[in-house]
Every structure is written in C-alpha cells, then in structure tokens.
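> The two chains are supplied separately, each in an independent frame; assemble them into the complex guided by the hints.
Okay, here's what each chain looks like letter by letter:
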Amino acid sequence: MTDAAPSRFESPASVREGLRSVAYLADEGIAGVVFLAERLGKPILVEGPAGTGKTQLAKSVAELTGARLIRLQCYEGLDESKALYEWNYKKQLLRIQAQRIAESEGGEGWDDIEEDIFSEPFLLTRPLLEAIRADEPVVLLIDEVDRVEVETEALLLEILSDYQVSIPELGTVSATQIPLVFLTSNNTRELSEALKRRCLFLHIDYPDIDREKEIVLTRVPGISESLADQVVRIVRSIRSLELKKAPSVSETLDWARTLLLLGIESVDAETATETLHILLKYQSDIEKAAKDLSATTAGSR
Amino acid sequence: MTATDPHLPRGSSAGLLESLSGFVKELRNAGIPVSLTENLDAVEALRHIPLEDRDAFKYSLAATMVKNNAHWKTFETVFEVYFSLRGREYRLGGEGEGDFDAEDMINTLIGAREGEGQGSAEGMTPEQLAEMLFRALMDGNDAMMRALARAAVTRYAGMEPGRPVGGTYYLYRTLRNLDLDSMLERMMQQERRRNEDETDLEERLVREEYEARLDALRREIEAEIRRRLVADRGAEAVAKSVRKPLPEDIDFMHASREELVALRRAIAPLTRKLAVRLARKRRHGRKGPLDFRNTVRHSLSYGGVPADPKFRYPRPSKPEIMVIADISGSVAAFARFTLQMVYAISSQFSRVRSFVFIDGIDEVTDYFKATEDISEAIHRINTEADVIWVDGHSDYGHAFEAFWDRWGRDVNTKTTVLLLGDARNNYHAAQAWVLGEMAKKARHVYWLNPEPRSYWDTGDSIVGQYATHCDGAYECRNLKQLERFVEQLG
Ligand SMILES: Nc1ncnc2c1ncn2[C@@H]1O[C@H](COP(=O)(O)OP(=O)(O)O)[C@@H](O)[C@H]1O
Ligand SMILES: [Mg+2]
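From first to last, the protein sequence lines are chains A and B. Heads up, our numbering is the position in the first sequence plus 19, with the first residue counted as 1. Heads up, our numbering is the position in the second sequence plus 49, with the first residue counted as 1.
Hint data in this document are derived by calculation from the structure and do not stem from the laboratory. None of the values given here were measured: they were computed from a predicted structure. Careful, some of the hints might be misleading.
Claimed, not checked - Straight-line Cα separation of at most 25 angstroms, PhoX-like style, residue types lysine-lysine; simulated pairs: (1) K215(A) with K122(B); (2) K215(A) with K74(B); (3) K310(A) with K300(A); (4) K122(B) with K529(B); (5) K307(A) with K418(B); (6) K289(B) with K529(B); (7) K215(A) with K78(A); (8) K489(B) with K463(B); (9) K263(A) with K310(A); (10) K263(A) with K122(B); (11) K263(A) with K307(A); (12) K289(B) with K122(B); (13) K307(A) with K264(A); (14) K122(B) with K74(B); (15) K418(B) with K263(A); (16) K215(A) with K418(B); (17) K78(A) with K101(A); (18) K300(A) with K418(B); (19) K490(B) with K463(B); (20) K293(B) with K74(B); (21) K293(B) with K264(A); (22) K463(B) with K418(B); (23) K529(B) with K293(B); (24) K418(B) with K310(A); (25) K74(B) with K529(B); (26) K463(B) with K264(A); (27) K529(B) with K263(A); (28) K74(B) with K289(B); (29) K300(A) with K264(A); (30) K300(A) with K263(A); (31) K215(A) with K101(A).
To be verified - Reference excerpt, derived from the structure (chain B facing chain A, CB under 8 angstroms, subset only): (32) T86; (33) H97; (34) I98; (35) P99; (36) D102; (37) D104; (38) A105; (39) A112; (40) N118.
Quick reminder that beta carbons are idealized off the backbone N, C-alpha and C, glycines included.
Okay, chain B solo, but in the shape it has when bound (with noise of 0.2 angstroms):
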C-alpha cells in the first residue's frame, strides 16, 4: 500500500499506515492472531471514522482485529505504545487539549499563588505538588490529575535518554516519592473531618472511590512513563520490553502472582465450557432431523399419505466425572490451579467426584460441596484431607493402588476419569495394571500433564507407562492446551 492509494483513511498519512502495520506486526509477535481480513477490515474501517476521535480509533481497530476479550489488555499495552505519541503529534482526540489546559491551569494556580508570572509545573517544590495532587484527586479532577501525573514523572523518574532501564524502575522509583499510601489516608482524614456523622457503609464506599481515583493515577504515570520510553526508544523496542504472554499461554507451573490472578479470571469460562462439553449428552446414533421437503414430495406418489414425520432422540445417559489429582510439592502451583478447575466444573456439574493424592489418596469431593468459597476449600484440603501414607513424597503407584480399593467399584461405563499430575513417581512401583482395569470400565480416560511433552519420561517421570492405558494424555501447561482438550471432548 502506498501513499497515493485512493483507499487510505480520510485525512491520514503514509506515516499513520506505516504505524499500523508495525501495530500489527506487534500484535501477532504478542500472540493475538491477526488474519490478514481483519488487517485489511482495520484499514477499511480507518476511512470511515474521525482520525482525531481518539477513542474511535482506538475501538475501531479493536473491533476489527481483537476478537477476544482475553487479549484485551494486551492490545491496550500495544495500542499504547504505538499510538500514544502519535496522539499528541496529531493532536489527536480531545485528550491532549485538556492537558494543555491543565498545564495552563497549574502555571496559573502555582502563579496566582506565588505572586509570580513564570511559574511552571516542573518548578514546583515536592511539597506543592503533593498538596495539588491531594485536591485533584479529592475534587476528582482528571485533567487535573493528567497534568500532575506528568509533572511527578518528570521530577522524580529521573529518566535519562539511552539509558538501559526499564519502565517498572521508574514507575517504582516515582510512586516511592509520592507515597500513594499516605495519601489515601490523609484524604480519608480529610473525609472524615468533612463529614463527621458518617456511617461505616458511606465511609467505605468513599474509601474505594478514593483507591479507584489513586489506581487511576498510577495508570497515568505509568501511561506517562511509557509515552516518554517511546519517544526515547521507539516503539518496537518499548514494544517488545513491556511484552508480557496472553493469558492462555501462562505456564501453570511458572505463574507469578499477578499472571495467577489473570489466569484465574480467565478460567471461569473455560471451565463453564469444560462443564458444558462434559455434561454434553452424547447424541450417538442420533437421525439427522427430518426432512419435510422431501417427505411430502414422496406423498404425492402416494396420493398424499405422509410418512411417518415423528422422531425420537434416544434418551441420553448422564455422565460423571471423577478428578484425580496429584498435589504434591513438584506441582504445587499447578495443582492450586486444579483444584480451582475441579472446584469451578463441580459448582457447575453435580455429578463430580474428586481426589487428591500425593502417596496417599482421600476423597474431598465434600469440602468442594461443603463451601462455596474455594479458598476455604483448599485449605482444607491442605490440612485435613488424608494424603499422606509414608512420607509425603509422590507415590502414584501406591495412591491409584489406594484408589482402586476403595472406590474402583464406583467406576462405570459412565465414568469419565481426568488424571492430573507429572507422573514423577520417585522411583516407586508404578503399578499402572490399575489404570488398565480402569480404561476397561470406564467411559474416557484421560491424563493431563503440567510437564513439557519432551521432559515426559524423563528421570523419575514415568507417564508413558500410565499413558498407554489412557485415551489420550495431554501436555497442559497454559490455558490455550487445556482448552484444546476441551475442545477435542466434542
């Protein structure tokens, strides 16, 4: 596409193209599966909307080329990178006017104050930034707060050009001067002084719109600090240093807190597809549905008499699931994120039994029914469920041995049994004999494995030897394999 290309948006430049396709370019390195319809979708859409409506830009190209929520923030960071600069050059979007006005308004705040003309927001000490910064969020002035963000980066990020750091270092490094903390709470006091005969509910529900006015200005100083990488750096290289995986390519095993947090959001909807395709009641043998076209048209060589037009579906049998996981140390976080799928497809599914073993095995489908709070729930779990036999280091072998004693009767043709865990099994005997009686009664057996496929039989691991008895075992490390096991359920 070149500059001359009748089909270019309204009003925009080869340089404004030259951005969207670096955009792009970024999005598909981020993970987000760009088709080239939808790259050529954008562009279109870009001729019909105002360039300088920064937000319609901005959702246009989300709409366009952003088909999942789960990528959303993702694409803010990437559309952040690219465009934000670009925003103000093109004096884009009523934002950047109100921030001209902001500055005007602290030049004559400082200035009225001062008694001098020539005051300017970088001149301001730390004391008065701090107590302009105390009113713009009581007042809830955003411009206000937009320009101050601003001027806090500038004293204290201590942002040299070229420099080798990363923008987490000068964010810290600003938010420790402004100590976000005890702002809260001297806005609290102020509240409180304000309005004495405050009931507990108002003052808590001030309290959170505070936090959401204060969270709203980290976002801008790191908004801010960002704008300036780019404009140091270019967006490619601010682009890629501030790359962070899509929540479905999160490892389990390697999450951090924050990307447990994402992954926990993002799991309650696949887990409400896991249910649904498990509840799914297999429709084998089931007739197409009746062709009445076709029906009547052979009534007319019989002078009318119609075939007979009912239709039954074969009444379908209820499946049930049992979870067997394994909780020990070398899958601990995986298996607090199991635990948080079986308790998430048991509030879902009735008919679910779980067990969680490390070289013994007991049965918690009740302290998933017991309570509704899953944090609850795993904590008993981690106490009193009666996991140990020797000395609480992985035994499958013992624990399925365990298990089939106990509960192997319960296993029918409509029994689907997940089995969770690495299979690192300390070289103990790995009596997968049980496993095979299992696949005999069972409907589907399946494994699933934190572990990377080509560490699989590797040491201690022994999951081939269970596998073999199993429909099928699958790699499970992120968000983006289980849901290709779910989705291959059917």
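Just chain A, same shape as in the assembly (with noise of 0.2 angstroms):
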C-alpha cells in the first residue's frame, strides 16, 4: 500500500519491546500482527474473551507511537449520523431562524443559505471520519464491532477499503495518512467474510503463565514476585475449570490488588475461597471453584 510512509517499527521483537515501555505484555503473535498492519497498512480485527486487553492493546500502540487515539464504540443501532457525520440539525435551525428575521428587516436574501448550512461549522464530526480527516498519526478504535448491525458493518468496510467518505454537499474526503485500526470482537456474532478478508486477524486469549505473571508485576505496583506467582497459579487452576465465565486479566489484577491491600503474603485456600468472589462473576462459578479448593484442602493425596 502506502510504502512511502516511515514505519514506525523495525521489528516484531521491536514491537514487544516497545509495548513492554508502556506496560502493555504481548506476546510474539500480538506483536508479529501489530508489526504487520502498520507495514501493510492493514486493519487489524482482534477477537478473544472479554477482559484480554483487545482494547487495551490499541490504547498501548497510540501511546507507543504518539498517535491520537480515535475511539468508536459499537453499540446495537450505532448508525451512520453517529460513526460517520451528519448535519448539525439544530444549528441549522437556527440560522434559518435567524435568516428569516434578517429578511423580515429587509437584510439579505434566501440565495446563500443553502449553502451556507451545508458547510464545514455545521457538520458533526463523528470518529471514523474524524480519523480520516486527521493529519496526524491516528491509531482507531472500532471497539466491540460485533454489536453493530450488518448495514453498518458494510459501512464500516466500506471505509476501510478506501479511506475516504464521499459528502454529498462538500465533496470527497481522503485520509492523508492510513490509520492504524483496531477492530475489536467479542465474538457474539459471526462478522462477514468480506470484513474478515479485509482484515489481518489476531485473536487474544488469556495469556500463558508467565506473561500473566509479567502483567501483574507491571500492573501492580508494590506486588511481590511470589505473590503474583501465586495468584497467576491459582488464576490457571480455575480457568481449567468448567465455567460460565472464566476469570479475565482484568479479574486477575483486581484479585491480586485486593490481596495486596488486605496485607496477605501468600495465598492458602481459605483466603482465596473467601475473595473468589473478585475473580469469578456467577454465583454458581464461585461455589464449584470453592469446592474445588476446599476438595484440595482435604483431600490429602
């Protein structure tokens, strides 16, 4: 694509690393792909449980790299007036208003108003034209795509294949510069073929011990080593259980910071049972993880 631009990486290891300095933890799959999209100008679509950094992630790359952040968060009935653009609609109200009480006193006439409505201080600026129009590096957010329709979904592809947005009344705007993108997915509804081949995919799954453990270190400070140990141990025995919903990252860190304030050291099975409810969100997940521990507690092997 647009090999002119200076990349802003020299390396998927340079990518790790550079993630590390802002205390975001990825491994080599996340930083290969982030590597990639900026050479190749590629939208990323980043799917995984919830709580797995998938926001998280872009957030990292705009600070790595100095861009400014645009965010578009999804919702159900997220249209076009408010991803896109549209017409300040009461603002224009108002100076047709204020036209006509002009021309009731014999001012100017109706000739410019079209126009003059139709212009740049009337129009609502939404994210994805927002990143379009920018002239510096932008990284966009298109978060939690899953929840949009499949009339926006097409609107959203639409844009990400030629980085440009055609305006009726102003004429067609072009990206001086292809945006990083980051989709994000859930993963509650099967996004289409044609979004998927557009975009390089990279699904974020609750990361391997040691990086958990590298996660909590960064993320609360004051932990200590063995704790933190301890808690991303305890975090994976759980998530090997059947569950309605497996603790996240974000559960982790929370669980860990709720231990350091309660001053614990080290982690046995009756503090763990009696804070699970930090971890795990269902009643029925924090029974069966209770039983569990406390069948470790008797159970002498």
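Structure, rendered in structure tokens:
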C-alpha cells in the first residue's frame, strides 16, 4: 500500500519491547500482527474473550507511537450519523430562523443560505470521519464491532477499504495518512467474510502463566514476585474448571490488588475461597471453584 | 509467480514459495477457506517480516489466511508439517540454535559424568535418559527438554524409513517407554522432600505446573516424530495422514471422545449467537432512521419549519422457545450434544422450556434451572425424567400427542418450537396432526435432524410427514450446519 510512509516499527521484536515500555505485555503473535498491520496498512480484527487486553492493545499502541487515539464504541443501533458524520440540525434551524428574521427586516435573501448551512461549521464530525481527516498519525479503535448491525458493518468495510468518505455537499474527503485500525470483537456474532478478508486476524486468549505474571507485576505496583506467582497459578487452576465465565486478566488484576490491600503475603485455600467473588462473576462459578479449592484442602493424596 | 519475481519475500527462494503454495493447498484441503486475496496478502506479508524470525513467519501466515480461531489447531498442525523441517534447513529462528546448544549440553554433561569425551544423547542408557529428563523437567529447562525429546524418539520410537505406520504408533511406543505417569509421581515426591511444610494448595499448584511441563514434553515428542515422518515421506503425504475434521465439520453422531471435547468448546460461541438471534426482537415494520439532511432541506421550502423529527420504535414482544428433543439410543450422541446446547441456551436466555422424550415425554426445564452443572443436569434427566411410556423405543407419535395434551395450550404466537431428532418412529403411528396444530398456533416450528438428508424417509424414518407442517426441516449433523440454521433465523 503506502510504502512511502516511514515505518513506525523496526521489527516484531521491537514492537514487543516498545509495548512493554508502555506497560502492555504482548506475546509473539500480538507483536507480529501489529508489526505487520503497520507495514501493510491493514486493519487488525482482534477477537477473544472479554478482559484479555484487546481494547488496551489499541490504546497502548497509540501511546507507544504517540498517535492520537480515536475511538468508536459500537452498540446495537449505531448508524452512519453517529459513526461517520451528521449535519448539526439544531444549528441549521437556528441559522434559518435567524435568516428569516434578517429577511423580514430587509436583509439579504435566501440565495446563499443553502450553501451556507451545509458547510463546515454545521458539520458534526464523528470518529470515522475524524480519523480520515486527521493530519497527524492516528490509531482508530472500532471497539466491539460485533455489536453493530450488518448494514453498519458494511459501512465500516467501505471506509476501511478506501479510507475516503464522500459527503455530497462538501465533496470527497480522503485520508492523508492511513490510520492504524483496530477492530475488536467478543465474537457474539459472525462478522461478514468480506470484513474478515479485509483485516488481519488476531485472536487474543488468556495469557500463558509467565506473561500473566508479568502483567500482574507491571500493573500492580508493590506486589511481591511470590504473590504474583501464586495469583497467576491459582487463576490458571480455576480457568481449567468448566465455568460459565472464566476469570479474565482484568479480574486477575483486581484480585491481586485486593490481596495486596488486605496485606496478604501468601494465599492459602481459605483466603482464596473468601475472595473468589472478585475473580468470578457468577454465584454458581464461585461455588464450583470454592468446592474445588476446599477439596484440595481436605484431600491429602 | 517465478523466482525472479521482484515481489518475492526478502531473502527467500523459489523453494519457500513452493512450500507456501503446498501449504495453502493443504489448508484448503483441511477445510479452511483461504481466498485468493488472502493468499496474496500472505505472500505480501512475507516481504515485510524477517524470515529468520520463525514466530513472526508463523503469525504472518495465520493473520492473513486464518480468520477463525476454531481453525487454529488445524493451522498449527499444517504449519508444523510444512515448515518445521524447513525451519532447520534454513536455520529459521532461535529454536534451532537453542537445540544445538542443548545437544552440546547433553554431550558435555554425559561426558563429564562418564569421564569420557565422546558420549552422545543417543548413546545414553535408558536410566541416564530418564534421569536427565527428570532433571530437565524439575528445572523447567525447555531447551534441554527438547533435546531429550529427540533422543527419546531416536531410542524408543523405532522409526524406520518407508515403514507404513502412522505417527500415533510411534508416539505411543515412545511414551510407553518413558512412563510419564511414574515420572510425575517421582517429581511430586522430590517436591515433597524439598518442601516439607507445603500446604495442600501449594502442592496442587506444583502438580499442575509439572503436568503442564509433561504436556509440553509430549507435544515436543509428537512434533519430533512428525518432523521425521515429513523428512521420510514428504509434507504432502504426512499432511494427508494427520488431517482431521475442523470442529464445525465433526459429525455429532459419530464423534470420538476427543472430538466431543473440541465440540463442547466450539459450541459456546455458537449458542451465544443462537441466544442473541432468538432473543432479538423482530423489528417488524421498522422505518429507516430519520434523514436529518432531507428534513432540513425540506424545511427550507416551508421557511424553516421542520417536520416532526421524532421516531418511535414499536415495542418488541418477548419471544419464547420450546425445545423438544429425542433422547433415545438411536440419537444418543446427538442427544447428549443437544442437551448441552439446550443447557447453554437456557443459561443465556430465560424464556426457554425444554422437553425430552423417548416414547413418553417430560418437561426438564427445571433440571437445567436447578443446577449450574451440565453433567448433573444430564444425569438427572437420564435417571429422573419420565420419558418411558411402554418399552423405551422411540415413539414420536405418542410423545407428541402427550405433549399436546399437557402443554399444547402453552404454545402461542410468541413461541418458537425447535424439534430435535431423527424421526425414526419404529413404525408407530405418526400423529403428524399434532405438528399441524402446533404450526397453526406457534410463531415458528423448526425441525433439526442429525441424520444425513439421504437417509430421511428411509426405513422407519418419517421426518417428511412431520416436516410438511414445519417452517423448515434442516439436516443438522455438525456445527457448520447448526450455524447455518442459526444464521438464517435472521
Ligand atoms: N497484555 C496486557 N498487558 C497489560 N495489561 C493488560 C494486558 N491484557 C489485559 N490487561 C489489563 O486488563 C484490562 C482489561 O483489558 P481490556 O483491553 O479492557 O480487555 P478487552 O478489551 O479484551 O475486554 C486492561 O485495562 C489492562 O489493565
Ligand atoms: Mg474491550
């Protein structure tokens, strides 16, 4: 695509190092795909369970590259007027009212008004247009894209294909720089083949034990190495149970912070059981994990 | 594409592209849909990454060509087959170098202990090998573990060129000789000696860690065997022999235990989708969003008087689902799967009622509500639900009649009925009129049949008689078909 633009990263390894410097712990896959996206000028579709650092990845990449983060939070019912742009209806009406008054007092005519009210000052720029019009480097985060309806998805695809928007009254706006685009999805809906083809695909799962420990050490200041180690091992153990919702990285972090606040240096089965509600959302999951942990206590092998 | 193509990946040869095209072909053979554009994207991607970075190489291929996480395992296997040998040939990545060091290390270690300079990994006695493995596992020394995995394959697998035996056989032989279960116990004993006042929780966490290391060892042995098979027979032949169906293609009725696990994992996102679809309020008669631009333009001709910009969405009605599933022996595997699905749906979606039948029928909604544990629910259904009327052979006709008698009045215009079964009725009366009545009252009635369509209406299958009353009857033998059904629900 635009090989002319200076690359922001030297190698996948340098992406990983860079992200570490802004407190994001990536694995080879994450670093490799980010590197590639930047080189190819392609969007990344990031998929995976909730709370595994998908949104944070876009934020951290923006921080690392010094780019401006523009975020489009998706929801059911999101449409063009909220994603792309819309005309400031109220302001237009006020302008028209003002015009009428001016006219009745013998002012200028209606001639220019149409052109006037469909001009820049009346335009409400939404995230997609904002990203395309930006002069400076931009990271565009289209968060939880699986929530929008198919029609809106088609709109996104169109924009991600040519990075331009045509506004009938103003003409076509083309991107002066290709933004680095992250789309995240919790996979509640199958996205269209066309959108997937357009994107690089990155699945982020729960981190392995070493990476999760590093995340805890990085994000929970003051925690001891040994407590962090215990925390992530217990979390791994709990994730292996069949649960409605396994603990995510953010829940691991919440738990670690709580233990630290409680002044706990080493977790035993009782402490773990008493604080399970921080790690698990569903009562049934809590009971199941508690039962499992207490079986450990009772059962001498 | 030729070797002189200016777009060749940096530092690559025609050989790499050739492997790549074989690789892509195999991905497609395995069922992964790789489009032409995606294939070209992959080639383009390889221009940008340092080819000696094996991980980057692998993730570039995945990111450009594999857009579904359920396909990851298949991708990985194919990747191993096509590029693991190449990896060493080209000295791709640090892994090869690490192995080199490890082999040196083994030799040095053996030499040091035996007091002789020319010992090698292959020259070790079984006891020495076991001892070194034990230490490598205790220390979590990955490089050493990989080297020893190789040594173990050489020693125990008994691989011979051209021998028409699959990888599983060699894996089995190697693992039997290594006896990793005893290894785990030995590791735990050592751990207990080392740490006498360890709590139960600590001990359990240690055990899990050791198990994870042993798993890694098993995978390494498997990979090594595969590499040797590839060297012997070529990638294409090996790829073909290790090909397995993708999760979405596994047949519900004939799934192996291992496949059932894969299925269970794959079904979670699908049921979530199903629940979302079924719960989605039909926004019938919904108008498009108001066009502000037009409204304003229009208002100009009225001197700036706007049209009413307000817009009301009709209030959606709450749909309800009734699932009626055959759990007889002929569809046992399907039934287990079905129950899992029903469970998953009802945990996401409150208005689900579930019924199971053989020749009698019973409502089991509460079994699912009462427990959070799917296996417990299934156990209760199998032992407590009153589904046998006469002899425990499927009798759809009687079951449907009984359903209509007891619960027919609960079916209304908000109800979607899902019927699950093979409609093998043991030549009993069909009582298809029940479905006729049902279809009149319900919003929708769908039939999902786990048998191939070509078997329908053969022998004692009478699905056709029922299907005429349904909004649709669908072959539902695998997740792909189930997914297609879900998608068309709109
Ligand atoms: N790899 C990581 N490195 C550092 N922090 C992480 C990482 N993954 C997750 N986190 C933490 O977890 C929190 C939740 O991540 P988030 O990006 O919101 O999850 P998602 O978008 O996947 O649901 C983040 O705020 C961050 O603190
Ligand atoms: Mg998020």
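> Next, verify each hint and record whether it holds.
Against the structure, the hints come out as follows:
1. Only pairs whose Cα atoms come within 25 angstroms are accepted, and K215(A) paired with K122(B) is accepted, the gap being roughly 19 angstroms.
2. Between the alpha carbons of K215(A) and K74(B) the distance comes to roughly 20 angstroms, so the proposed pair stays at or under 25 angstroms and holds.
3. Restraint check for K310(A) and K300(A): the C-alpha separation of about 16 angstroms stays at or below 25 angstroms, so the hint holds.
4. Between K122(B) and K529(B) the alpha-carbon distance is near 17 angstroms, which keeps this suggested pair within the 25 angstroms criterion.
5. Using a Cα cut-off of 25 angstroms, the hinted pair K307(A) and K418(B) holds, with the two alpha carbons roughly 16 angstroms apart.
6. About 22 angstroms separates the Cα atoms of K289(B) and K529(B), which keeps this hinted pair within 25 angstroms; it holds.
7. Distance restraint check for K215(A) and K78(A): the Cα-Cα separation of roughly 22 angstroms lies within the 25 angstroms cut-off, and the hinted pair is therefore satisfied.
8. Restraint check for K489(B) and K463(B): the C-alpha separation of about 12 angstroms stays at or below 25 angstroms, so the hint holds.
9. A threshold of 25 angstroms between alpha carbons decides the hint, and for K263(A) with K310(A) the separation of about 15 angstroms falls inside it, so the pair holds.
10. For the suggested pair K263(A) and K122(B), the alpha carbons sit about 23 angstroms apart, so the restraint of at most 25 angstroms is met.
11. Of the pairs offered as hints, the one joining K263(A) and K307(A) holds, with about 10 angstroms between alpha carbons and a cut-off of 25 angstroms not exceeded.
12. This hinted pair checks out: K289(B) and K122(B) have alpha carbons roughly 15 angstroms apart, not beyond 25 angstroms.
13. With a C-alpha separation of about 12 angstroms, the suggested pairing of K307(A) with K264(A) holds against the 25 angstroms cut-off.
14. With a C-alpha separation of about 17 angstroms, the suggested pair K122(B) and K74(B) falls inside the 25 angstroms cut-off, and the hint holds.
15. The hinted pair formed by K418(B) and K263(A) meets the criterion: a straight-line CA distance of about 14 angstroms does not exceed 25 angstroms.
16. Proposed proximity of K215(A) and K418(B) is contradicted: the alpha carbons are some 37 angstroms apart, above 25 angstroms.
17. Proposed proximity of K78(A) and K101(A) is supported: the alpha carbons are some 21 angstroms apart, at most 25 angstroms.
18. Between K300(A) and K418(B) the CA atoms are separated by roughly 18 angstroms; this keeps the pair inside 25 angstroms, and the hint holds.
19. The straight-line distance between the Cα atoms of K490(B) and K463(B) is roughly 9 angstroms, inside the 25 angstroms bound, and the hint therefore holds.
20. A hinted pair counts as satisfied when its Cα atoms are at most 25 angstroms apart, and K293(B) with K74(B) qualifies at roughly 15 angstroms.
21. Our distance criterion of 25 angstroms between C-alpha atoms is broken by K293(B) and K264(A), whose separation comes to about 29 angstroms.
22. Taking the CA atoms of K463(B) and K418(B), the gap is about 21 angstroms. The hint holds against a cut of 25 angstroms.
23. Proximity of K529(B) to K293(B) is assessed by CA-CA distance (about 15 angstroms); at most 25 angstroms being required, the pair is judged to hold.
24. This hinted pair checks out: K418(B) and K310(A) have alpha carbons roughly 20 angstroms apart, not beyond 25 angstroms.
25. With a C-alpha separation of about 21 angstroms, the suggested pair K74(B) and K529(B) falls inside the 25 angstroms cut-off, and the hint holds.
26. A C-alpha spacing of about 30 angstroms is found between K463(B) and K264(A), which places the hinted pair above 25 angstroms, so the restraint is violated.
27. For the given pair, K529(B) sits about 23 angstroms from K263(A) by alpha-carbon distance, which is consistent with the 25 angstroms threshold.
28. Between the alpha carbons of K74(B) and K289(B) the distance comes to roughly 11 angstroms, so the proposed pair stays at or under 25 angstroms and holds.
29. A hinted pair counts as satisfied when its Cα atoms are at most 25 angstroms apart, and K300(A) with K264(A) qualifies at roughly 7 angstroms.
30. This hinted pair checks out: K300(A) and K263(A) have alpha carbons roughly 9 angstroms apart, not beyond 25 angstroms.
31. Distance check on the hinted pair: K215(A) and K101(A) sit about 23 angstroms apart at the alpha-carbon level, within 25 angstroms; holds.
32. Given hint, T86(B) at the interface with chain A, holds; its Cβ is 6 angstroms from that chain's nearest Cβ, closer than 8 angstroms.
33. Proximity of H97(B) to chain A holds as hinted, the smallest CB-CB distance being about 4 angstroms (cut-off 8 angstroms).
34. The interface hint given for I98(B) is met, as the beta carbon of that residue sits about 7 angstroms from the closest beta carbon of chain A, less than 8 angstroms.
35. A cut of 8 angstroms between beta carbons decides the hint on P99(B): the least distance to chain A is about 6 angstroms, and the hint holds.
36. A hinted interface residue such as D102(B) counts as satisfied when its beta carbon comes closer than 8 angstroms to some beta carbon of chain A; here the least separation is about 6 angstroms, so the hint holds.
37. At about 4 angstroms, the closest approach between the beta carbon of D104(B) and any beta carbon in chain A falls short of 8 angstroms, and the interface hint on this residue holds.
38. For A105(B), the interface hint holds, since its Cβ comes within 8 angstroms of a Cβ in chain A; the closest pair sits about 4 angstroms apart.
39. Here the hint on A112(B) is kept, as its CB sits about 4 angstroms from the closest CB of chain A, short of 8 angstroms.
40. Given the 8 angstroms rule on beta carbons, the hint for N118(B) holds: about 4 angstroms separates it from the nearest Cβ of chain A.
In this structure, the hints that do not hold are numbers 16, 21, 26, in rising order.
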